[in-house]
Structure formats: structure tokens, C-alpha cells
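Participant: This is what each chain is made of:
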Amino acid sequence: PGRWGSSNMAAPVQARKTVEFFYDVLSPYTWLAFEVMCRYQQKWNIDLKLRPFFLAGIMKGADNRPPAMVPAKGQYMTKDVLMLTDMYKVPFNWPSNPTEVMFVKGSVNAGRFLTTVDMNCDQYLEELTRQLFLRIYYRDEDITEPASLLSAAMKAGIPEDLAKQLLSTIKDQTVKDRLRETTQTALDYGAFGSPTIVAHVDGKPKMFFGSDRFELMAHMLGEKWHGPLPELAKAKI
Amino acid sequence: MADADKKVIELFYDTISPYSWIAFEVLCRYRSRWNIDLRLRPFSLAAVVTETGNSPPGRVPAKLKWMGKDLMRQAYFYKIPFRGRKDPNNDMANKHNINVMLLLTAVTMDCPQHLESLTRELWLRFWSREEDITQPASLEAAATAAGIPADQTAALLAKLQDQTVKARLTKTTQEALRHGAFGAPTIVAHVGGKPHMYWGSDRFLLIADLLGEEWLGPLTELAHL
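Going down the list, the sequences are from chains A and B. By this note's numbering, the letter at position 4 of the first sequence is numbered 4, and the numbering carries on one by one without gaps. By this note's numbering, the letter at position 215 of the second sequence is numbered 215, and the numbering carries on one by one without gaps.
In case anyone wonders, no lab produced these hints; they're calculated from the structure. Note that the structure is predicted; figures quoted are calculated from it, not measured. Check before you lean on any hint, since a few could be wrong.
What the hints assert, rightly or not - Now the stretches of chain A that chain B is said to cover, found in silico as 3 or more residues with beta-carbon under 8 Å:
{"no.": "1", "stretch": "25-39"}
{"no.": "2", "stretch": "67-81"}
{"no.": "3", "stretch": "215-222"}
Note that beta-carbon positions come from the ideal geometry of N, C-alpha and C, so glycine has one too.
Model the full structure from these sequences, guided by the hints.
Facilitator: Pasting the structure below:
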């Protein structure tokens with residue numbers, strides 16, 4: 001609402017719209033969506049809230065299956081991810097053994113580590129997320145071992161002693177519970193995969209799935225879609 | 001512009017597929033903006049799904065619920081009169097049938113000038129007005145509403161079970177499968193002598209990039225309906 005006679009003669013400022021980004025770093029399309037949201041955070045009047053969740057928990061909770069179980073679909077998605085990340089200038093490379101990365105090694109430790117950072121020092125959450133994506137989907141590096149998580153944390157600018165302390169909490173019940181709660185919150189919003197983006201518009205949550213609804217999201221947020229915005233890219237390689 | 005310069009875009013679609021309706025309307029609008037030669041290719045989604053071991057997306061309840069909302073939002077955004085159905089899962093399994101795609105195939109063979117309008121009319125019947133499309137009388141009504149003359153309509157309906165029509169539908173479906181199709185819509189853009197396949201109605205930014213064209217949004221001012 002406007003303030004007449006205020007010493008600040010600026011026009012009334014619209015409150016920032018909250019956009020919750022529920023994600024698991026195990027998902028290639030999620031990296032794309034993450035980078036796009038980080039760029040648009042600078043363009044749109046939004047308050048981006050990163051919400052690390054557990055994709056395996058989402059798939060189980062929604063009774064869903066990974067898409068690549070249909071061979072022709074898997075082949076298409078392999079190319080699709082490369083075309084999209086190329087256009088959006090996200091430095092994506094397929095790992096040498098995607099099946100092992102996605103279905104054997106998984107992301108529970110990474111999810112818990114992101115969660116403890118979210119709970120304790122969330123100013124590092126965006127960059128830690130990015131460093132984990134760079135490990136798994138740019139350099140084909142592990143994200144399950146403590147040494148891997150520590151390396152990502154330090155590249156994200158987290159001081160070494162703080163990073164080690166955070167790492168020691170990932171098996172704490174509070175951290176496990178928080179990851180589970182975030183996953184359940186996403187399921188309650190209707191999630192069945194990653195990313196799940198919830199834009200709060202006029203007090204109502206609007207859920208979007210995937211990395212290909214940004215133009216529609218812009219329309220619903222009353223914002224403008226400017227395409228890939230590569231000039232605002234943050235993933236440095 | 002010389003026709004030889006136009007880039008061929010094939011749209012493989014089945015009128016049971018609501019996302020295919022979006023792709024259809026968008027590509028029809030973009031004919032007047034992009035240097036393209038749009039070729040409508042009715043195919044059998046059921047056959048594609050079976051061949052590839054795929055399953056309908058409505059198997060996952062949360063996904064079905066989201067798709068309902070997604071389609072209504074997209075219909076509003078693109079100004080397409082999609083209204084959904086009370087029981088989409090059941091209707092897609094039981095209220096659609098191969099005769100619809102055989103009819104569109106027969107039109108492709110005998111009077112392709114009516115293909116666009118009949119395609120649109122079938123989507124309107126099934127996904128906008130929740131009308132029947134299983135009975136011969138319904139197909140006749142659709143053909144009439146699409147502007148196909150009565151005698152042509154009768155001839156088309158009489159040949160739906162002909163081997164030539166079935167073979168043509170199978171051939172089109174096989175072509176889509178060879179391009180790597182596993183669902184609908186399947187868009188194949190021919191650029192630089194190579195086919196480039198896209199699935200879904202949400203890759204127009206990529207397609208624009210491939211064509212060296214600009215994405216101009218929903219172009220609702222060109223909405224047909």
C-alpha cells in the first residue's frame with residue numbers, strides 16, 4: 001500500500017513474491033532450473049528460497065519411476081539435457097556412468113549436508129549447491145564421501161573449520177528430520193520429481209514441475225521472461 | 001520467400017493428446033512468423049506407447065493432478081479453449097479410438113486441405129466440449145463442422161477400415177518411431193539436411209534457436225478460436 005506524505009517519495013514497493021525451489025542435486029534438469037532461478041532472482045521481484053530435498057523420497061512418496069526407464073525416452077533426454085544446458089550456458093557434462101551416479105551412489109549425504117548448511121549458515125547454500133552440481137555434472141566427481149563434501153564446501157567459501165563442523169552433523173537426527181520434513185512439504189505441494197518450484201502469488205501456492213515452465217511462471221508472477229540470460233551466468237569453470 | 005528456403009517442420013500428433021493441441025496451435029500461428037513449411041502428421045500415440053514400453057503419464061496420481069493444472073494454465077496463456085474432462089484418465093482409455101486417427105489419415109490422403117480444420121474440430125470435441133468421438137455420427141458431425149462437403153465426408157467414413165488407410169497410419173507412426181518418438185507431440189525439424197526431434201510442447205525456444213528464428217511468445221493475437 002502507498003504511504004502518502006512519507007519522507008520517502010518513492011512509489012509504493014510491491015512486496016517480493018516468495019518462490020520456493022525444492023531440489024536434489026542428483027537431477028540434471030534441476031541444475032538448469034537452479035541456474036535460471038539464480039539469474040532471475042536478479043531480474044524479478046522475488047525472494048528465492050532454496051529447499052534441498054531428497055529425490056528418492058519424492059519418487060517413493062509419489063509412487064513415481066525415473067523417466068529413463070523407457071529406453072527411447074532416456075536416449076532423448078540425454079540429448080535434450082545437452083541442448084538445453086548449451087543454450088542456457090550451464091557447463092553440463094554427462095558422467096561416464098550416469099546409472100551408477102543416479103541410482104547406486106545417490107544423494108542422501110549431499111542432501112543432508114545441504115540441509116545442515118541451510119539450518120546453520122544459509123548464506124552459503126546457493127554456492128554450495130552450485131559446487132555440488134559442478135562436481136557431479138561438470139567434473140564427474142563423487143558427491144557421497146565426506147572428503148567430497150568438504151571440498152565442495154571450501155570451494156563454496158565455507159571456512160575449513162566450519163565446514164568440518166557442519167560435516168560432523170549430517171547424521172544428527174535434527175538434520176535427518178529436517179531433510180525428511182522438506183521432502184514431505186514438497187510432497188504436500190504435489191511434488192512427484194525434481195525440481196519442484198512453488199511460487200506464492202496472492203497468498204496462493206502455485207506449483208511448477210521441471211525446468212521448462214519459466215515463461216509461464218513469469219506470466220503468473222506478473223514478470224517478464226527474457227530467455228536464458230547467459231550474461232548473468234554464475235557457474236564459473 | 002522461395003518455398004525451397006522454408007524449413008520443414010513435421011508435427012506428429014494424436015488428438016487424444018492435449019499437449020499436442022498446444023503444439024499444433026503454436027506451430028499454426030508461427031507459420032506466419034517463421035520461415036517454415038509445417039507438415040501435419042497424424043499418428044497413433046497408443047502404438048508408439050506400446051512399441052517403446054512407455055506408459056501414460058496419468059499412472060502417477062500427483063503427476064496427473066499437476067498436468068490438469070498445467071494444461072489449464074497453458075490454455076489460458078496460449079488462449080486455447082482447453083477445458084479438460086471430468087474423468088480424463090478413464091476417457092483417454094475408453095472414449096478415444098483408432099477410427100479418429102484413421103479418419104485424419106484418410107483426410108491426409110484424399111483432401112489434405114481439410115486436415116487442419118478437422119484436427120482442430122476433433123480437439124474441440126474431445127478436450128473443449130467433452131463430446132463423443134467414438135460413434136460414426138460424431139465423426140460425421142466433426143467432418144461437417146470442419147467444412148468437409150457431405151459427399152466427401154461419406155466417402156471418407158466408408159474407407160476407414162481400408163487396408164490402404166491403415167497402412168498409411170502405420171507408416172506414419174513407424175516414421176515417428178524411427179525419429180525416436182516415445183510420446184506426443186513429436187516435432188521433427190529438418191535443418192541442415194538433418195532431422196532434429198523434440199518431444200512435447202515446451203521446446204519452442206530450442207526450436208527457434210535451431211531455425212535461427214526468434215521466439216515471440218504465445219502470439220495470442222493469432223489465436224484461431
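Participant: If a hint holds in the structure, say so; if it doesn't, say that too.
Facilitator: Verification of the hints:
| no. | hint | in the structure |
| --- | --- | --- |
| 1 | 25-39 | violated (count 0) |
| 2 | 67-81 | holds (count 7) |
| 3 | 215-222 | holds (count 4) |
Violated hints amount to a single one, hint 1; each of the other numbered hints is respected by the structure.
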